[in-house]
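> As you go down the protein sequences, you meet chains A and B in turn. Residue 52 is where the first sequence starts when you use our numbering, and the numbers rise one by one after that. Residue 733 is where the second sequence starts when you use our numbering, and the numbers rise one by one after that.
It is worth saying that the hints were derived from the structure and are not from the lab. We treat Cβ as the ideally placed atom computed from N, Cα and C, and that holds for glycine. You may find that some hints are simply not true.
[Claimed, not checked] Pulled a few chain A residues facing chain B out of the computed Cβ check, cut under 10 angstroms: (1) 93; (2) 155; (3) 166; (4) 182.
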Amino acid sequence: MKYVATVNDESRVVDVTGGDGRYRIGIGDEVWDVDARVTAPGVYSLLIDGASYTAGVVERDGACVVEVGGEWYDITVEDQTRHVLRTRGEVGSGTRSRTLMAPLPGKISRVAVRPGDTVQAGDTLLVIEAMKMENEFKATGAGTVAEVRVAPGQAVNAGDILIVMA
Amino acid sequence: MKIKKLLVANRGEIAVRVLRACREMGIATVAVYSEADREAPHVQMADEAYALGAAPATESYLVVDRLVQTARRAGADAVHPGYGFLSENPAFAESCTAAGLTFVGPPAAAMRRMGSKTAARALARELGVAMVPGTLEAVASDADAARAAREIGYPVMLKAAMGGGGKGMRLVRRAEDLPEALRAARAEAAAAFGDAAVYLERAIAEPRHIEIQVLADAHGEVIHLGERECSIQRRHQKLVEECPSPFVDAALRARMGEAACRLARAAGYVNAGTVEFLVDADRNFYFLEMNTRLQVEHPVTEMVTGVDLVREQLRIAGGEKLALAQADVAWRGWAIECRVNAEDPFAGWLPSPGTITALHVPGGPWVRDDSGVYEGYTVPRFYDTLMSKLIVWGADREAACERMARALAEYRVVGVRTTIPALARIVGHPDFRAGRLSTAFLERVLPELRANDGRFASVAIIAAALAAHERVRQATAPTDSTAVGAWRAAGITGWRRP
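Build out the structure end to end from the sequences listed, making use of the hints.
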């Protein structure tokens, strides 16, 4: 079964064969024999060439967060057919709307910008109060604010679009 | 006077801690829970548990009347407030006492004396204990604050007058940043302590945060149990603490301990409390504030002194004399504590509530995990991010560091992001190992802390691919009944009390 794994915007073809705990896995040109067991929900004990690794995998909305050896990796895995179909029709990178989405549920504490404002990287856009802490969200690049979809005091959910940049 | 039944007016790991001490002393226990905490471990651990109200703390854990009524109805004769919430609220202490409940903590008057940070500073000044230069009262207006800041000199630190735990604190380097910092500090203070009052202090360059644990009984005896160094902080909240401090020698410990006891005595303090100081590079110490409650990091003192602080709290509240005299206090070995918070250290410490799908807690010699979670538990988003505290003891500081590094490597949490990877890097950092600590440590070291250096990328891809492969396989396989499914099919839905 062929998949495409994307880490840090780099995609690689991953070929998985086998089952019942014993797999042969090809990543690009390299091949590994892997003995894999799921020892707890989301926990994989992997024996690869005698080395023992334990990886924690959490999947959310198609993306994976893998913790192994005290390191964190954000990985997206799709089966190869779907990846090809999805990326074939993609328009070349031109100007895209940049949106600020709420990464967690909370309450808007303060909105620092209005539509039409120009901002530089590092400027505060808004502040969300969550888990008893005030979290500031800053512009990652220069730009103009196109839309502000929230107001102070408003409760937001993870994924809600808060600000749209031009 | 001895306590027979106690209500814990708190939640999370500290509620579990208090319940454990009660169980060891034969005290019956009562837990309270908000709607979001029905499945919390403290509810499961207590003998009795009662609903408090809706999830937000203002509708549950902070509602004085409901807590007092619940304690009375359950027939409790004492209340332990934990830390945070109402633990430093004199009105709560008074309501308990008025209702005939023993409050496990200081008298309301002492709480008032020291709980207002500005009043405490006034007392320190009276006693000749050195302080960080700053305002003696909360600032009345933005203009007031600006004037005070100009006099004190930038950089200044804004702090909540009724605060603690790092909330409502802001470092301000320039006058232009003051208005926004005031707004944010006031908002945080109001949300955390119900009081937006803020005061100013000069910000000392790279100080060490060193605090003294005091214990006082109702018979006039006050002792100190030495210091804890808590310099590793992010957003002014402690992350790693240790006992003793690598910077404190016996002479400094004696001087700081004496000053702390003098303050506690003057305030009429009873029970456990902590006096916080800033220590500069020349070993001058400056009084910061006194926390009129048990601290989060109390375990490191316990591991090194052999004193069970919660047990002592309960004994003192029950009218007993202190179990030891100052001369009996001894410090053996070294303890380090790391706070495991549900936060993403590589995304600005963004809170990460969610379900813990897998949890593996380290064990082995002298490893202690004070937890408020369990595998399968959903960390709610209404309270703070602390999941558990990992504490280790070693014969010396080096042994404690090695043990903590080992324990962190064993610790596995799947489902929520935690501070564990950052803690591992902090404890392994050469400056940490050398004891070169200050409150600027984390800010300095943070840019070096990266989520990964790519060493395990291939292994991570293998794991992710297998997870996807497993999903595909399960989606196409015939459904098999899991253990839970079989249980439900048999019609077993649980039991009710008659």
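> Next step is simple, just say for each hint if it's right about the structure.
How the hints compare with the structure:
1. 93: Interface hint status for residue 93 of chain A: holds (4 angstroms vs cutoff 10 angstroms).
2. 155: 6 angstroms, holds
3. 166: This hint is violated: residue 166 of chain A lies away from chain B, its Cβ roughly 21 angstroms from the closest one there, beyond 10 angstroms.
4. 182: Status holds, d = 4 angstroms.
Hint 3 alone, counting from the list given before, is not met by this structure.
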